[in-house]
Amino acid sequence: MRVLVCTCKGKIQLPKKDLGPNVILEQHDDLCKKKFQIKPDEKVVIAGCSPTVMEGLFPHATAEYVNLHEHVVLPGHGIEKAWDLITAAVAKLEHVTPVTTRVFPIKHKEVIVIGGGIAGIEVTSQLARNGITVTMIEQKPFLGGTVAQLDRLYPEGTPYGHTLMPQIGNMLQNDTSRIYTNAEVTGVTGTVGNYTVSLHTHPRGVIECTNCGKCADVCPVEVDDAGKMRKAIYYEPTYPDIYAIDFDTCTRCGECVKVCEGKISLDEKGIDKEIQAGAIVVATGLAWYDVARVEEYGYKRLDGVMTTLEFERAVTSGRLNPKKIVFIYCAGSRDSKHLLYCSKICCFLGLKEAKLVVDRFPDVQVYIAAMDMRSSGTFEYLYNTLRERGVSFIKGKPSEVFQRNGNLVVRTEDLYTNELLEIEADTVVLSSGFTPDTQTFNKLGVRLEHDFPILFENASLGNMELPRGIFTAGAATFPAGVRDALIDARKAAFSVVNLFHQDKIEMQQPNAVVNEDLCSVCRMCIGTCPYGAISIVEDKIHVDETLCMGCGICAITCPSYASQLEGFNPAALSSHIRALVRQGDILALLCKWSAYNATDRAAYDRVAYPQNVRIIRVPCSGAVDISHVMDALQNGAKGVLIGGCYPNACHYARGNFRAKAREQILRINLDLLGFNKNSVRLEWIGKDEARKFASIVKEMNK
Amino acid sequence: MAKPLVAFYWCASCGGCEEAVVDLAEDILKVVDAVDIRLWPVAMDFKRADVEAMEDKSIAVSFINGAVRTEEQEEMVKLLRKKSQLVIPFGACAHLGGIPGLANIANKKEIFETAYKLTRSTQNPKGIYPQTTTDTPYGKLTLPEFFDTVKTLDQTIEVDYYLPGCAPPPELIMQAVTAILEGKLPPKGSVLTVDKALCETCERNKSKPDTLAIKDIKRISHVIADPEKCFLAEGIICLGPATRGGCGERCINANMPCRGCFGPTKEVKDMGAKFLSSLASIIDVDDEKEIEKIAESVIDPIGLFYMYSLPSSILKRKQGV
Amino acid sequence: MKYALFLGCTVPVRAQHYELSARNTAHALGIEFEEMSGASCCGFPMKAVDAETSLLIAARNISIASALNLNIITLCNSCTAMLSDAQLELQNNSFYRKCKELGFAFPHDVTVKHYVRMLYEDIGIAKIKAAVKKPLSALNVIAHYGCHYMRPSYLYGFDDPEVPHTFDELVTATGATSVKYPDKKMCCGGSVLGVDEALAVTMANHKLQIAKTEAADALISICPFCTVMYEDNQRKAEEKFETQYNLPVLYYPQLLGLSFGLDKNAVGFRFNRVRPTALLAKVGGES
Amino acid sequence: MIDLKNADVNFKWEIIKHEGGEQLLKCFGCSDCAASCPVRYFDERYNPRKIIRLTLLGLKEQVLSSPFLWFCAHCHACTERCPQGIPVAELINAIKNYAVENGFCPEGYKVQFDLLKKLGRLYEVEDFDLKKRQKLGLPPIDKTIPEVVKILEYTGIEKVVKR
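Residue numbers (our numbering), protein chains in the order written: chain A, 2 to 703; chain B, 22 to 342; chain C, 969 to 1255; chain D, 5 to 167.
It is possible that some hints are incorrect.
Stated by the list, open to error - Taking lysine-lysine and the DSS-like style, the derived pairs with C-alpha atoms no more than 30 Å apart in a straight line are:
1) K301(A) with K9(D)
2) K444(A) with K227(B)
3) K339(B) with K314(B)
4) K970(C) with K139(D)
Claimed, not checked - If you want the ones that stay clear, here's a sample from chain B, every Cβ over 12 Å from chain A, calculated:
5) T91
6) P151
7) E192
8) K239
None of these hints come from the bench; they were simulated from the model.
In this text, all values refer to a predicted model and were calculated from it rather than measured experimentally.
From the three backbone atoms N, C-alpha and C, an ideal C-beta is built for every residue, glycine too.
With the hints as extra help, turn the sequences into a complete structure.
Following this line, the structure appears as structure tokens:
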């Protein structure tokens, strides 16, 4: 073991004392500016500046960091503290399990794109342009997704084809893409660089086609396709250039077969296939919330109540000529009984439909009832335009829609005027929200939380490329407009190109590892992982190495310590605490994302705190085991402070709540065991709250 | 070849471990065939002097049950250590401190007061307590010192292996005896059962959901537990995940949750602390006040989480008394 | 410097001390006023009835100054707003045509300014300070801007409509302290006097109460309507809210004249309903 | 309960035609006007936001007959703050003008109209006043300005006021 100590510009001069056998002490000026050769299995103590700075400089080391600069030099604590910290670090490191480097070869530099909407098409053409072979899997018989169902794209009012068709053209120009329509993913195995995706292609019915259209002419089945009428055999002008039979509605009367110039088969079978790929892009797009579940609005129950999509398709195909329309916003959104969240784009959609209809029918009366109008960016201009065109906006969520004298009536209170209103209308349009396509994520083994795939929809992290071979594009994870979908698609393509630029990816961050000799598969850990990285594979607990973020919560949860976080195993921490804490000391176990930084801040701001405060950096307040608190108390500690992020601000989602529960239970037990229960405190300390930290430890020191 | 000599001894315990030996039923004959029992106070009339007279290390193995709570017990186990090649704490009390170890939340004075004065069935208005020496017309009588703190066997003498359980199941005893006779012993310090927790073999583990989420803690005496379901999934505290297996799940099969008599698994020092850390992870409440409520809803947490292991825990006993 | 002085309805009849002090302090600063013969009401009273009528009345007044080729100085905030509004409206062709039809001529472009704005912009703080002979450093006064002094800003483009400061600077120039106080832009309530007197008095009381809290020696007004609210209706506020204010309300030119050392008759203190006796004693003037 | 069947959809378009009412439709109901309003501060019965919103909904009768419409002090505090740039005080004034047209002229304005018609100013200038002015050294002023009548006749406002 090597101990690398920075002299901190001459301020640190360690005594010439022995640190034990096989421990070599080196003192360096400007440690951070030097390059060290560190062997992969070597353990090093790095004593210098704060680990927040130093850990980036020693990425491959199994290292224990001693914060000499911020914890000794700047607060003006004595050199003996430096020595104590170093000896304790050595004691810890002796028992530390090293951090392993994990290597994932990128075996297949091919990509599977699930979803053939605007995002999937854009990803595919961007990847194909980079020479990467792409297999696109689209569920419907034709590409285009939601965009192909629309008439126009607002705020500008561009016809949908102006955006979609060139995209399809771009994609088809490259011969590196294979497209499966009418196909669905049935299973996924493997990990980054090496996935196997099985898919099933449903029969299309039309095998050869001249696009004569006679089949549709003779087809007796009229289908209402989201507001627009078509036949059971039909064609969409996107891709492929072949008619398709909608077998859900087809009566198999055989009329089309008789007139077909090409070849139609009503008995075609589906095909199963397996495809290998190094990365998967999920571009499954929007899933509309089933607004019939908002029963008070009468969708499917009352004539004239329709969704925005149906309204747009019915108006633009000439089926509907409304005189008086009420749009109901947030139909089933931000609602504890339905979708808890705002779907972001439904306000835009509603505005668009209103514009579409006032453009067409100047005398139409339009009411929009909304709790809030969320018209961000350029949509504000559309909102302004519509007000000036005389559309009446009502603030408030209508209570119900009912029928009176053959008309629809919407009852609502208008918050602008505090008046209860009844609006009679011939058409009521429900602007509903969207959910992610959970089916695909389930097949990919991506865990969902609050309906959303965790990590992907972590607003502050953005698209985190996790699990590292699975990417998302467009509205698959959260509703996005066309522009956002395209940007997101390019970002996904860029991420894939970046990934494929390497032959393997290496990951050095500490992972949770499971000792199978100790693991009883008691499942306690599974649900505690904030990333869904833990699952049962072949009757054993399996930690997905690409998903683990090293918080250590599972390790502390494991009742057998079968799961341990590399570099943070309990035996090592226990010896660290026993070497560090003496009679009358205060042990501070501080989360590296918040409270620990407050101690650095204390150093910069010269906020004084007592020298007997012994600080240990932990990955999360939720990764503090009660045993370790007991260790400190047994050693004579006057108090133990656990410092974590504020509630709901935990870097690992709910780690600090776990810490809270531990603290509560622990305090009760300590009380019964004759300890002052206030000797253990869990405090929320923000990263800059140096003064809060100092005042807490001073109080505990009394 | 002479049969190996074996000793059984009984310290602070309920006597259940002695019963466990008897529970070997006809198997006990095999044992008696194979060994020569030289000390078994509960069943045979050997005296301390007989042991003292023996040569050091002449006993092949001493099985000692019960925790160490009196001066006499301390003397006897030290004596047996001297005379034995192997010493095996037999049962939870010797292994972890056991139920007598819960006395560590009090001291001698409090215990005497309760036992000799405060209990309803006691009449002791003068407050007379047992003394180590008493002068009588017939001479001085002595009693061994009653310690403040109950200790595990390994806190008193060095031990070689542990036979866990309250009481150790017969199968495990037979396995251990066989292993000793055949000389097929694991590394010193091992617990003579499996290394994995009870859940490994528990039938109910399959019913445990991936995400355990406890919103309130139920007492087994207040609910009728579903005999098919994992206790924890129902909000009933079961120490199974934190307890070594090999016991044959006798409690679980009787629809009672595990209370941890087999002690913690290999890497864990403090069973109660470890289980509390685990339990806190599955409490599915975010509100601080609610968390407090749940924590406080556990009646007698020391008796629940440290039922068998208080003397072997990190803190060992209540402080300041 | 020569201007056309627009008096409006109230000032020449009900607030002669305002007119008197305004003329005399202006004279002391070398400003000359030409009378606007034939000038009528500014038009503001008809605005709520018919905006066009009020604008036409205002435009007619502007045409009088235009014939004189002099910029207009007003003493009343509402007159300033009304005339400025008409001035802006004259850019509108159809309105201009209507004025022509009525025979109004606008041979010269004229601007409309409040008397106080004129002092600030055309004379300047430095020149005013130089003219101060008796600095009123003993006084703490509340400067009341009134609504139409700087609002609506699209008409004036003068001062800051949210954080006005020009009038405070002018008050400070006299040596007096312009007290910093909350709700500086609060309306006097004058406009609702005709609709709901109790409400109007409540509104006026708000600032009177502030003046009392701040222990101000006087409230300085620049609008006859505001003075009606704070001075003439002070007794009503005192009755309604069972308190005593006895707060002198001075027109700014009175304060300025005092600092110039003008004769007390030249600034008309005897017309002030709430006698500024204590105030004058404080600055060493006679009462 | 208001049934919007009875609302006048043309009301808002009428207001837009009036001087100062042009920007009515820009209102998105933020209520900054009401929060800025000194009258609203002292008397909650007056609320400019509510008047504007009722106008947008076409509730003509309710708006025009309300005595509180006339509470606007025309102080323009709202105008300065409207995020949509609506001169709110002018807009309220336009609604007042429309109310007068529809026979809702408050008595006070009728009195003022009569004075203007008679004198061309709001206060009668008596000889006493002229003498007082003279004593103070103030120039004489016109007792009446008959030209104002021409304007009143031109706009035909008398007919409207006296309706």
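Verification of the supplied hints:
1. Proximity of K301(A) to K9(D) is assessed by CA-CA distance (about 25 Å); at most 30 Å being required, the pair is judged to hold.
2. Of the supplied pair hints, the one linking K444(A) and K227(B) holds, its CA atoms being roughly 22 Å apart against a limit of 30 Å.
3. Restraint check for K339(B) and K314(B): the C-alpha separation of about 24 Å stays at or below 30 Å, so the hint holds.
4. Straight-line distance between C-alpha atoms of K970(C) and K139(D) comes to about 24 Å, which keeps the hinted pair within the 30 Å bound.
5. Interface exclusion of T91(B) from chain A stands, the closest Cβ pair being 23 Å apart, more than 12 Å.
6. Every C-beta of chain A lies more than 12 Å from that of P151(B), the closest at about 25 Å, which supports listing it as non-interface.
7. No Cβ of chain A approaches the Cβ of E192(B) within 12 Å, the least distance being about 19 Å, so the stated non-interface status holds.
8. With a cut of 12 Å on Cβ distances, K239(B) stays outside the contact zone with chain A, its closest approach being about 16 Å.
The structure is consistent with each of the numbered hints, conforming to all of them.
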